[in-house]
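Novice: Taken in sequence, the protein lines are chains R and G.
Sequential numbering from 2 applies to the first sequence in the numbering used here.
Sequential numbering from 2 applies to the second sequence in the numbering used here.
None of these hints come from the bench; they were simulated from the model.
Be careful, since some hints might not be right.
[Stated by the list, open to error] Some, not all, of what chain R presents toward chain G, calculated at C-beta under 10 Å:
(1) 11
(2) 20
(3) 24
(4) 154
(5) 185
(6) 187
(7) 191
(8) 207
[To be verified] With a straight-line cut-off of 30 Å between C-alpha atoms, the simulated BS3-like cross-links for lysine-lysine are:
(9) G:122 - G:78
(10) G:202 - R:194
(11) G:137 - R:204
Even for Gly, the Cβ is constructed at its ideal location relative to N, Cα and C.
There are 2 protein chains.
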Amino acid sequence: MESNKPSLFTSLSPALLHLYDVSSSIVVIIDVLRATSTIATALHNGARSIIPVDSVSECIRIGKQIDSITAGERDGKVAEGLEHGNSPFEYPSEFIGGKTLVLTTTNGTKLLQMALDNNAKTIIAGAFVNLTAVCKFLIAQKQNVILGCAAWKDRVNIEDTLFAGAVIHKIKKHFSINCDSSKMAETMYDDAKADLFEFIKEKNISHYQRLSSFGLEKDIRYCLTEDLANVLVVYEEGKLISKTF
Amino acid sequence: MESNKPSLFTSLSPALLHLYDVSSSIVVIIDVLRATSTIATALHNGARSIIPVDSVSECIRIGKQIDSITAGERDGKVAEGLEHGNSPFEYPSEFIGGKTLVLTTTNGTKLLQMALDNNAKTIIAGAFVNLTAVCKFLIAQKQNVILGCAAWKDRVNIEDTLFAGAVIHKIKKHFSINCDSSKMAETMYDDAKADLFEFIKEKNISHYQRLSSFGLEKDIRYCLTEDLANVLVVYEEGKLISKTF
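This is chain R alone, in the form it adopts within the complex (with noise of 0.2 Å):
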């Protein structure tokens, strides 16, 4: 029966989680290009747990206290003071494995924060990467979902609402979705699914703008695929892990 299941609610920015009951519900953290997906990558390859800071200041003085390695971009090149950029292909196994990273993201990040301020019962992070995890997990949890879109600055951003749309077409009839965002995620999905990446080159999209001036399409091309690294990541006590359930 349609009103016995959970509900399901896409928030295609920061700015409008609010309007959403965070305390009841799983909250999905989305940052497609390119934090989820280089921290899935990451924990894929055996990072110990990655630690998400909102500063690069934040990330020297935690990256001095413990044994890590530090990482953030601005502008498209490392940040001054940290140690590696925010791309997926910098953590091979090889040199993260058993490793702890410390990342400063910005959009992710301010997101993350607000879900915990407001009390989310539990907080993972997608992203095409580990789709199939993610979609698993909130199947099985047969719980409330907000899947919240990091987006650019509060701007609302097509990689993400994309995903969202993605996760949506594998798990909505576990779901009551009484919401037009999560509505337009779909059909924006249903539109690019059979290339993502030629969708949103055609479409020219902020953030493919943004990332192929610095030679990134790789990278996106990377972050588009599903279930390269395919890990639950969960977020616990200010750090993010891979978990099995």
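Since chain R is already given, all that's left is putting chain G on it; use the hints.
Specialist: Frame of chain R, contents of chain G only:
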């Protein structure tokens, strides 16, 4: 040259309007079901002006001060103390010609007030019923544009997004559009344009559910039809008026 064109952005919710440079732009207030459709219809049918207000009590107060018709609904019924509802069919020319309408709407009026507070250069009201008038005006002005969706209590809705997409579909070559929300809106419209009514019915969007449960399918069909009340609606000195340019 691309860079010489004025910019066009779409704000999918009033909660996102602050992200855009309102003070340098024409803001189009979009509340397809049914406020801006009814406003255009009343003006097309000869109403002298429409005074938009945000509460029933304000509507009653102004109705007592000036010779006017008061209108507004709450939960699908004419609000207590007011004379008429939000349906465009309530305002034929033999009734509304030469009269002033004081109309209370929630979402549309909130967005209008935000545009005023942020010193919008010009404010106009748009809906499918005056699509061509809106597009002609925007092309002629050669100024930056923000398509402002009134949404539903700040939640993004599909019908206002579709109208933004319809405008973009018609005028995009005259503007520089670096805005994922606009690209989403256009994609949605491209999907829906063959039969807007069937699209929102099949998606079972939130507002379709609300209005069709009140037997208002006829209103929805009207509000999704282009150019049935093709007047330019401009906000000036507290009133919405029809204007030639």
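Novice: Each hint should be assessed against the structure and marked as holding or not.
Specialist: Quick rundown of the hints versus the structure:
A cut of 10 Å between beta carbons decides the hint on residue 11 (chain R): the least distance to chain G is about 9 Å, and the hint holds. Against a cut-off of 10 Å between C-beta atoms, the interface hint on residue 20 (chain R) holds, since the closest Cβ of chain G lies about 6 Å away. Nearest Cβ of chain G to the Cβ of residue 24 (chain R): about 18 Å, over the 10 Å cut. The hint is violated. At a threshold of 10 Å, the smallest CB-CB gap from residue 154 (chain R) to chain G is about 7 Å, leaving the interface hint in force.
The beta carbon of residue 185 (chain R) comes within 6 Å of a beta carbon in chain G, closer than 10 Å, and the hint placing it at the interface holds. Taken as an interface hint, residue 187 (chain R) checks out: its beta carbon lies about 9 Å from the nearest beta carbon of chain G, inside 10 Å. Look at residue 191 (chain R): its Cβ gets to within about 8 Å of chain G, closer than 10 Å, so that hint holds up. Nearest Cβ of chain G to the Cβ of residue 207 (chain R): about 5 Å, under the 10 Å cut. The hint holds.
A C-alpha spacing of about 35 Å is found between residue 122 (chain G) and residue 78 (chain G), which places the hinted pair above 30 Å, so the restraint is violated. Restraint check: the Cα-Cα separation between residue 202 (chain G) and residue 194 (chain R) comes to about 23 Å, which is no more than 30 Å; the hinted pair holds. For the suggested pair residue 137 (chain G) and residue 204 (chain R), the alpha carbons sit about 25 Å apart, so the restraint of at most 30 Å is met.
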